[in-house]
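Chemist: With the hints as your guide, set chain B onto chain A.
So the sequences go chain by chain: A and B.
As numbered in my numbering, residues 155 to 543 make up the first sequence, in order.
As numbered in my numbering, residues 344 to 701 make up the second sequence, in order.
Hints are computed from structural coordinates only; laboratory data are not their basis.
Remember, it's a predicted structure, so these values are computed and weren't measured experimentally.
Hints may be right or wrong, so weigh each one.
Between beta-carbon pairs, the in silico distance windows are [to be verified]:
#1 A/Asp-331 to B/Val-438: 51 to 59 Å
#2 B/Glu-556 to A/Thr-335: 51 to 59 Å
#3 B/Gly-510 to A/Arg-369: 54 to 62 Å
#4 A/Tyr-239 to B/Thr-474: 47 to 55 Å
#5 A/Asn-195 to B/Leu-529: 41 to 49 Å
Backbone N, C-alpha and C fix where the C-beta goes; we use that ideal spot for every residue, glycine too.
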Amino acid sequence: MLKYVGKRVAQSLIVFFVFLTATYFLLQAQPGDISDQFLSNPKLTQEVRDQYAERLGLTGTPLQQYIRYIKNFTTGNLGVSFSEYPRQVWDILKERVPRTVALFFFATLLSFLVGFKSGKVLAWRRGKRGENLITVVGVFFQTVFYPWFALIMIRTFSFNFKLFPGGKFLNVEKWIDKPDTFDANSVFGRMLATAAVLGLTLLVLEVVTRRMHNRVISQRIVWGGRILLVGIVVVWWMTVWSVMLPYALDIGDHLILPTITLALIGFGGTMLLTRASMLETLREDYILTARAKGLSSKTIRDKHAARNALLPVTTSLVISLAFLIGGGVITETVFSWPGMGQTLLSAALQEDVPLVIGSFTFIAVLALVAHIVVDVLYMYLDPRIRVGD
Amino acid sequence: MSAPDLLEGTVAASEEALWRIRLRLAWRGFRKGWSSFVANRIGLVGLTIITLYGLMALAHPILMHTVWDPKIYDPVVGYDAPVTTKVIVPDGEVVDIATQVDLFSARLINPMLKVGETLDVTEQPAAPSRTHLLGTDPLGRDVLSQLMYSTRAAFMLGIVAALVTVGIGTTVGSVSAFFGGIVDTLFMRLADLIILVPFLPILIVLSALFHFELLHLAILIGVLSGFGGTAIILKSQALSVSVKPFIDAARVAGGGRMHLIFRHIIPNVLPLSFLYMMFSVTDAISSEATLSFLGLLNINMSWGIMIYTANSQGYLLSSASYWWLLLPAGLSVTLLAGSFYLVGRAMDEIINPRLRRR
Numbered sequence: 155m156l157k158y159v160g161k162r163v164a165q166s167l168i169v170f171f172v173f174l175t176a177t178y179f180l181l182q183a184q185p186g187d188i189s190d191q192f193l194s195n196p197k198l199t200q201e202v203r204d205q206y207a208e209r210l211g212l213t214g215t216p217l218q219q220y221i222r223y224i225k226n227f228t229t230g231n232l233g234v235s236f237s238e239y240p241r242q243v244w245d246i247l248k249e250r251v252p253r254t255v256a257l258f259f260f261a262t263l264l265s266f267l268v269g270f271k272s273g274k275v276l277a278w279r280r281g282k283r284g285e286n287l288i289t290v291v292g293v294f295f296q297t298v299f300y301p302w303f304a305l306i307m308i309r310t311f312s313f314n315f316k317l318f319p320g321g322k323f324l325n326v327e328k329w330i331d332k333p334d335t336f337d338a339n340s341v342f343g344r345m346l347a348t349a350a351v352l353g354l355t356l357l358v359l360e361v362v363t364r365r366m367h368n369r370v371i372s373q374r375i376v377w378g379g380r381i382l383l384v385g386i387v388v389v390w391w392m393t394v395w396s397v398m399l400p401y402a403l404d405i406g407d408h409l410i411l412p413t414i415t416l417a418l419i420g421f422g423g424t425m426l427l428t429r430a431s432m433l434e435t436l437r438e439d440y441i442l443t444a445r446a447k448g449l450s451s452k453t454i455r456d457k458h459a460a461r462n463a464l465l466p467v468t469t470s471l472v473i474s475l476a477f478l479i480g481g482g483v484i485t486e487t488v489f490s491w492p493g494m495g496q497t498l499l500s501a502a503l504q505e506d507v508p509l510v511i512g513s514f515t516f517i518a519v520l521a522l523v524a525h526i527v528v529d530v531l532y533m534y535l536d537p538r539i540r541v542g543d
Numbered sequence: 344m345s346a347p348d349l350l351e352g353t354v355a356a357s358e359e360a361l362w363r364i365r366l367r368l369a370w371r372g373f374r375k376g377w378s379s380f381v382a383n384r385i386g387l388v389g390l391t392i393i394t395l396y397g398l399m400a401l402a403h404p405i406l407m408h409t410v411w412d413p414k415i416y417d418p419v420v421g422y423d424a425p426v427t428t429k430v431i432v433p434d435g436e437v438v439d440i441a442t443q444v445d446l447f448s449a450r451l452i453n454p455m456l457k458v459g460e461t462l463d464v465t466e467q468p469a470a471p472s473r474t475h476l477l478g479t480d481p482l483g484r485d486v487l488s489q490l491m492y493s494t495r496a497a498f499m500l501g502i503v504a505a506l507v508t509v510g511i512g513t514t515v516g517s518v519s520a521f522f523g524g525i526v527d528t529l530f531m532r533l534a535d536l537i538i539l540v541p542f543l544p545i546l547i548v549l550s551a552l553f554h555f556e557l558l559h560l561a562i563l564i565g566v567l568s569g570f571g572g573t574a575i576i577l578k579s580q581a582l583s584v585s586v587k588p589f590i591d592a593a594r595v596a597g598g599g600r601m602h603l604i605f606r607h608i609i610p611n612v613l614p615l616s617f618l619y620m621m622f623s624v625t626d627a628i629s630s631e632a633t634l635s636f637l638g639l640l641n642i643n644m645s646w647g648i649m650i651y652t653a654n655s656q657g658y659l660l661s662s663a664s665y666w667w668l669l670l671p672a673g674l675s676v677t678l679l680a681g682s683f684y685l686v687g688r689a690m691d692e693i694i695n696p697r698l699r700r701r
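Excised from the complex, chain A in its bound form (with noise of 0.2 Å):
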């Protein structure tokens, strides 16, 4: 297990390098660069214009520029972008993706367990009424013009019901009071510990409790350890991070609609094709023998069906990883939500060459990082292909 986890992570590194060295070629093969606006000044005298290019690292031919760019990247210098000018582009990544993996780890999470259980519900009612129906409404929301939808979504949700905010990291009226001594993103990143801490302990909850062979206990503990660590984390927040859960609820309240509308448009993909595998299991003889044995029809539907028809659908969610993504930098562009792909789309507009590559790499990482745990969670579910165990 270990063993392929490791050749897994090398074989990424190596697909990350490749990646990084066809993306700088690809920037570097561009007409024009930013040296072009600095140093077309006809004020700025060639030693002027030598010393920019120097300082902005254009000197030399585009293999001794990528040679000395690698070198930086390995000691996590991404250089200064040209936009936002003094700052590094390591900082404004360190600032903003904590943003889109909560949102794209949301809305994953969210599109995968809706569309898994509809898709499961609706194979299982085939041929009945409304079946056509629903599967338009998957086709819909499979193939929708995303910031159209996106625009649809604002306007009933924030203009019309008024229920959230139509778009932006934060309130800023709300924000004038704050106390000095934290600031959005210190709270931003105590929200995701405490998603992360939660999402683990029920995760370990959930498989201890599995190996358990009372169905009652096993149930009650479950339910009652829910309970507790829910318990648990709203104490926390009401007396250890008081001051800060008034901020924290705004950036919740701004994360909601956004995450909403990105796991829509995951959604359908995913129920339609559990549905398709779940049609292709239902023929297997081993649901006849369960029928046979007299199992109740809900079991067979989710103990025997439904569980091998998640294979092929874990499978396509690698594929369907980088459309998420995809539509994750549409959503925070029409939300204003300042995470990667908006950061990308400003920086590609504005030729920030060192930003876009940096950003690039990082929705490249996250691609990779998604597509292993993806990996190993098939392994987990398919015992054929564990491999060494």
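Modeler: Okay, now just chain B, sitting in the frame of chain A:
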């Protein structure tokens, strides 16, 4: 199984011309496929929508040459601002924008006006009327004409992207399945690299830094998806074809590598490629609309640009009263992309018998 491989043994015995047999077999296969396609209502809905949009695209040049005056109806440089007479009402009491105007806006035009008087207003996003069935956009251009003009661009883009995708995907898939070894590894690792990186960010970066037109975009989308996901799927299909007995038979009969690939493997992979063509059209149409919406493409008119115009001129939040600015274009992208997808799914059920209803 398509026509050519069924024929291998029967050519000598037959007295009919070869092309007639091929044609007849192809026709028979088409009719069989068509009947199961019609049985699936979802695919038929998709095909109907595609046909409707196709008719719209065809009708546009005809209308421009006959009924519509290019000065008014040209999708890019046309201009018309219908004059309407509006009643002036006190500020904040406007109920119907089509017939009423508030005092503040009226006084911007003529400071002497009072409540209750009428004012002739030239309207730029004009509401749908008999002359402009879907109204005009914020720059005074006819929305219906724009919509129909953009349909042609969408079809062109989708078809070019799909042809490039399938051309590359089928060739790469068949070649790497047939040769295996280093060729296979090279192409498949390349495909892995491409599917790994999200599609849209690549297009955003490239179209922001380079000058892109519609054809470039279509070819780029085709190349990316042809070397990417499509190649992987078509390769697995080609692999299962290349172990069939008729391939060995053709090889024993003295067929060269190129003959085997192009006359035997590719024709058998084509039905599946055709399916992926549909999905590729969907991708191309929605990517183009998204990129135009972000203002990244060098195109003068498309559905994405119609939404971009409405949004950048600030009509987003009044989209209930100015519905004709956002709804037709957004719905068209969704409908056309969705209907190609529906047709693809219906074809999937024909090509892939395991999905068929028992």
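Chemist: All hints are to be evaluated individually against the structure, with a verdict given for each.
Modeler: Now for the hints, and whether the structure bears them out:
1. A/Asp-331 to B/Val-438: 51 to 59 Å: violated (40 Å)
2. B/Glu-556 to A/Thr-335: 51 to 59 Å: holds (54 Å)
3. B/Gly-510 to A/Arg-369: 54 to 62 Å: holds (56 Å)
4. A/Tyr-239 to B/Thr-474: 47 to 55 Å: holds (52 Å)
5. A/Asn-195 to B/Leu-529: 41 to 49 Å: Since the Cβ atoms of A/Asn-195 and B/Leu-529 sit about 47 Å apart, the hinted range of 41 to 49 Å holds.
This entry does not satisfy hint 1, going by the numbered hints stated previously; all others are met.
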